[in-house]
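K.L.:
With chain A's structure known, arrange chain B on it following the hints.
Residue numbers (our numbering), protein chains in the order written: chain A, 3 to 134; chain B, 3 to 133.
None of these hints come from the bench; they were simulated from the model.
Check each hint, because a few of them may be wrong.
[What the hints assert, rightly or not] Distance windows between CB atoms, simulated: (1) B:14 - A:69: 37 to 43 angstroms; (2) B:114 - A:16: 26 to 32 angstroms; (3) A:132 - B:17: 47 to 53 angstroms; (4) A:86 - B:98: 23 to 29 angstroms.
[As the list claims (entries may be wrong)] Within a straight-line C-alpha distance of at most 27 angstroms, the following computed DSSO-like cross-link-like pairs (lysine-lysine) qualify: (5) A:104 - A:28; (6) A:132 - A:28; (7) A:34 - A:113; (8) B:36 - A:34; (9) B:130 - A:75; (10) B:130 - B:84; (11) A:27 - A:119; (12) A:28 - A:119; (13) A:132 - A:34; (14) A:28 - A:113; (15) B:95 - A:132; (16) A:34 - A:104; (17) A:75 - A:132; (18) A:75 - B:36; (19) B:84 - A:104.
Every value quoted in this text rests on a predicted model; they were computed, and no experiment measured them.
Quick reminder that beta carbons are idealized off the backbone N, C-alpha and C, glycines included.
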Amino acid sequence: MRDNNLSQYPFADLLGISIESIDDKKIVLRMKRNNVNVGGVRNSINGGILATYAELAAHVAINSRILAGSEIKQTQDLSAAYLESAISDFIMAEAYIQRMGKTATVTVELKDEAFEKTFCICRVTCSVGKIN
Amino acid sequence: MAEPEEFASTLQVEDALGILRLEATNGMARYRVKSLTEYSHCRTLAITTAVDLALVRAASTAINHETEEMNGTVEYNISYFKTPVGEAIVTAKVSGRGENIAVVEVSISDAHQTVFGLGRGTYSVIAKKKL
Numbered sequence: 003m004r005d006n007n008l009s010q011y012p013f014a015d016l017l018g019i020s021i022e023s024i025d026d027k028k029i030v031l032r033m034k035r036n037n038v039n040v041g042g043v044r045n046s047i048n049g050g051i052l053a054t055y056a057e058l059a060a061h062v063a064i065n066s067r068i069l070a071g072s073e074i075k076q077t078q079d080l081s082a083a084y085l086e087s088a089i090s091d092f093i094m095a096e097a098y099i100q101r102m103g104k105t106a107t108v109t110v111e112l113k114d115e116a117f118e119k120t121f122c123i124c125r126v127t128c129s130v131g132k133i134n
Numbered sequence: 003m004a005e006p007e008e009f010a011s012t013l014q015v016e017d018a019l020g021i022l023r024l025e026a027t028n029g030m031a032r033y034r035v036k037s038l039t040e041y042s043h044c045r046t047l048a049i050t051t052a053v054d055l056a057l058v059r060a061a062s063t064a065i066n067h068e069t070e071e072m073n074g075t076v077e078y079n080i081s082y083f084k085t086p087v088g089e090a091i092v093t094a095k096v097s098g099r100g101e102n103i104a105v106v107e108v109s110i111s112d113a114h115q116t117v118f119g120l121g122r123g124t125y126s127v128i129a130k131k132k133l
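Pulled out of the complex, with its shape left as it was, chain A reads as follows (with noise of 0.2 angstroms):
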C-alpha cells in the first residue's frame, strides 16, 4: 500500500512536511523551518518536533510497505539522539525500513537540505496487526 499523501497525519501541514521521495529503499520527507516549529536552542527547530517529525517519518515509511489488510497500531519506542542544532530553512527526513512484520523497525535521520550536515538519529518501532 502506497502513501503518497499526508493527509492522514496529525500536524503534517501544521509543521510545514511534505513528501519528498518514496521508493524501494527509504522515503524522504521535508520539513520547511517556520514560525510553529521552531523553538530549540540558538533559535533552531525545538528538538521534541523533530523527534515527531521523525515519527511521522517512520509511519510513513511502514504504511509505504505495509501488507492490505494491515495497519500500523501504535509506536512502540523512540529514541532521538541530536547531534548538532537544526538550523538550516529545510529539514530533510530519510527513513529506512529494518524491519517489517508484527514489529516494524525505522531508523530516520534528520539532516539540512543538501544531506551533507546530520542534526537528528532517530530510531523508532512501531506495532502493526490486522485491521479491526
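P.N.:
Chain B only, in chain A's frame:
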C-alpha cells in the same frame, strides 16, 4: 526557574500541538497533551514533543542560571506499553545532575493516572562564559 526569554519560543509549539504546561519547579515539570483519538495510529505524535518539552523544562529548574546555561537535549527515548486513550499527562523529573548533564526520567499517564509510557533523557548544561 528558566529565564523567560529562553523558553518563550516554545509557546507556539505547545499551542499548535495541544500541549499545556501545568507546572515546573524544583527539578520537575508536568504537561497535559490533548487527545488525538480522531487518528487511528498517530496518537503519540504530540506526546513525543511534550516529552522533550517536559524534559527541558525540568532540567531548566535544576540549573544555576547565574553560572550555567541550557545547551540542548542530548538524547531521549520513550516506550509506550499501552495504547493511549484520552489526554495524556507527561511528568518529567530530574533524577541526576552532573557537571555537564542532567538526567531526566519521564512518565506518561492518562487522565485516570494509569501509566502507559516511560522515558528517559539527558540534557546538556554548560558553564556561562565569563565576560
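K.L.:
Could you run down the list of hints and mark each one as holding or not?
P.N.:
Status of the hints after comparison with the structure:
At about 39 angstroms, the CB distance of residue 14 (chain B) to residue 69 (chain A) agrees with the hint of 37 to 43 angstroms. Between residue 114 (chain B) and residue 16 (chain A), the C-beta spacing of about 29 angstroms keeps the proposed range 26 to 32 angstroms intact. As the Cβ distance of residue 132 (chain A) to residue 17 (chain B) is approximately 37 angstroms, the hint placing it in 47 to 53 angstroms is violated. Here the CB-CB span from residue 86 (chain A) to residue 98 (chain B) is close to 25 angstroms, well matched to the stated 23 to 29 angstroms.
For the proposed pair residue 104 (chain A) and residue 28 (chain A), the alpha carbon gap of about 20 angstroms is at most 27 angstroms, so the pair holds. Simply put, residue 132 (chain A) and residue 28 (chain A) have alpha-carbon atoms about 24 angstroms apart, close enough for the 27 angstroms limit, and the pair holds. For the hint linking residue 34 (chain A) to residue 113 (chain A), the alpha-carbon distance of about 12 angstroms falls within 27 angstroms, and the restraint holds. About 24 angstroms separates the Cα atoms of residue 36 (chain B) and residue 34 (chain A), which keeps this hinted pair within 27 angstroms; it holds.
The hinted pair formed by residue 130 (chain B) and residue 75 (chain A) fails the criterion: a straight-line CA distance of about 45 angstroms is larger than 27 angstroms. Proximity of residue 130 (chain B) to residue 84 (chain B) is assessed by CA-CA distance (about 42 angstroms); at most 27 angstroms being required, the pair is judged violated. With a C-alpha separation of about 21 angstroms, the suggested pair residue 27 (chain A) and residue 119 (chain A) falls inside the 27 angstroms cut-off, and the hint holds. At roughly 18 angstroms between alpha-carbon atoms, residue 28 (chain A) and residue 119 (chain A) fall within 27 angstroms of each other, so this suggested pair holds.
For the hint pairing residue 132 (chain A) with residue 34 (chain A), the CA-to-CA distance comes to about 34 angstroms; that exceeds 27 angstroms, so the pair is violated. Taking the CA atoms of residue 28 (chain A) and residue 113 (chain A), the gap is near 14 angstroms; set against the 27 angstroms cutoff, the hint holds. With a CA separation close to 37 angstroms, the supplied pair residue 95 (chain B) and residue 132 (chain A) exceeds the 27 angstroms bound. Distance check on the hinted pair: residue 34 (chain A) and residue 104 (chain A) sit about 33 angstroms apart at the alpha-carbon level, beyond 27 angstroms; violated.
The straight-line distance between the Cα atoms of residue 75 (chain A) and residue 132 (chain A) is roughly 9 angstroms, inside the 27 angstroms bound, and the hint therefore holds. A threshold of 27 angstroms between alpha carbons decides the hint, and for residue 75 (chain A) with residue 36 (chain B) the separation of about 19 angstroms falls inside it, so the pair holds. For the suggested pair residue 84 (chain B) and residue 104 (chain A), the alpha carbons sit about 16 angstroms apart, so the restraint of at most 27 angstroms is met.
The structure shown violates the earlier hints numbered 3, 9, 10, 13, 15, 16.
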